[in-house]
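Quick note, the sequences are listed as chains A and B, same order.
Here the first sequence is numbered in our numbering, starting from 10 and rising by one per residue.
Here the second sequence is numbered in our numbering, starting from 10 and rising by one per residue.
These are calculated hints, taken from the structure and not from any lab test.
It is possible that some hints are incorrect.
As the list makes no split between identical chains, a pair holds if one copy fits it or if it spans any two.
[What the hints assert, rightly or not] Below 20 Å or equal to it, Euclidean Cα-Cα: the simulated DMTMM-like pairs (lysine to aspartate or glutamate) are:
#1 Lys146 x Asp81
#2 Lys146 x Asp173
#3 Lys146 x Asp201
#4 Lys106 x Glu120
#5 Lys146 x Glu112
#6 Lys146 x Glu120
#7 Lys146 x Glu91
#8 Lys213 x Asp173
#9 Lys213 x Glu180
#10 Lys213 x Glu203
Protein chains: 2
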Amino acid sequence: MEGRSAVSPQPDGQVASPRRAPSQQRSRERVERMLAAASVLIAEQGSDAMRMGEVAERAGVSIGSLYQFFPDKRAIVWALAERHTTESQACIAAALKDVGDAEGLRQAFSELVDIYYRLFLAEPVMRDIWSGTQADKALRELELADSRANAGFLIAVLRRLRPDADPVALETTAFLVWQMGEAAMRLAISVDREEGDRLVAAYKRMALRELLAE
Amino acid sequence: MEGRSAVSPQPDGQVASPRRAPSQQRSRERVERMLAAASVLIAEQGSDAMRMGEVAERAGVSIGSLYQFFPDKRAIVWALAERHTTESQACIAAALKDVGDAEGLRQAFSELVDIYYRLFLAEPVMRDIWSGTQADKALRELELADSRANAGFLIAVLRRLRPDADPVALETTAFLVWQMGEAAMRLAISVDREEGDRLVAAYKRMALRELLAE
DNA sequence: TGCAAATGTGAGGATTACTCATGTTTGTAA
DNA sequence: TTACAAACATGAGTAATCCTCACATTTGCA
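Take the sequences, apply the hints, and build the full model.
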């Protein structure tokens, strides 16, 4: 009924480095246990609801030890995220390494998407961390409903334009096109204006190609 | 140096309704002031860093009055978000209302994207609320860097396949295609499995069409 | 005018991130 | 082996914040 917890009231945005790097075998193992505990708790409850005391308890260490290696709560989440990106980048690089022609790209990319999809499905931690408006399920649902409503307007147009097309396919396309637009926007406003404009223009081209395709 | 604040440790995900709807003129005006104050503070510091005491102070009401109309912190953010989606949906519906043919769609959609883009640029509150991994700037930057790295692998392949193409355009395309993929994944895992699979398949088709275009 | 319902208040309860003084273990050099 | 500094471990305590609640005031209306 209350709610404190969280992440950081300072507007810093920096990730403090581990207060101390574990140099002995013993502490390295303990840090692993802390990360594993955090991973489980994030999967169960989300990173926001994860409590530091619980992480410590589950890892079998004291709260003080936790803070010996992680300067704050965000640092734990960050460490898990960084580990994940490192792994996934290696996987992607490998998949695209030997692509030589268009057909090769088609195959490699298709496999890559499948792998990535399975990875997303299997990693609750990443689901939590990367999910937009992550901390708040209600907001996420509002966002999804909003997207569906907006895609709905597009779908109505498409149905008028192509009454014989498969309605489900139309819906999927419109929904995806719209979602991608929101992704492009979010991205565009977080890079510099010039790149943002380019991205939006590229999105327009891409979206229209798909919307008007056959 | 500390950090409490936040949003909600309960795994509920429900948005409690206003504890009480403002029925008198006086209270309706005060609720408006509360929302306006919250809007400013979110724009300045982000929704996570926004403190309820500060909202109350800025609105010129007591903390108790705030909780009279908003059951918790998230409810304020939610109210602002809902207001925004209502407005933007009306705007989108209007833009697409009279589309009659493909050329009309092309024009209306193009204008719509521009409007939406400007809206995103102008609304810091929505930027904060909709931005993925919103609460944590460091995570958002890690995510962006990860995306750039992954797009980099794609770019390398595209350069090999089409050495004469404009490098900047290639980069933009690859970056966008990759970002859209991540958006599709995030979306796919938050809907049911069947729809998720459809979305991923549609994304593959779309991405390949764009990557292999020309 | 009287009264119930709506509204307003802010000190204080409860929870939680994080600190720090203190104790323990480890590696290492004499 | 022993001494000792550095690394590691601990958990009660501090500070910050969300939210409650008992009580005061204002409003609409019969």
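message: Under the constraints set out in the numbered hints, which ones does this structure not fulfil?
response: 2, 5, 6 and 8
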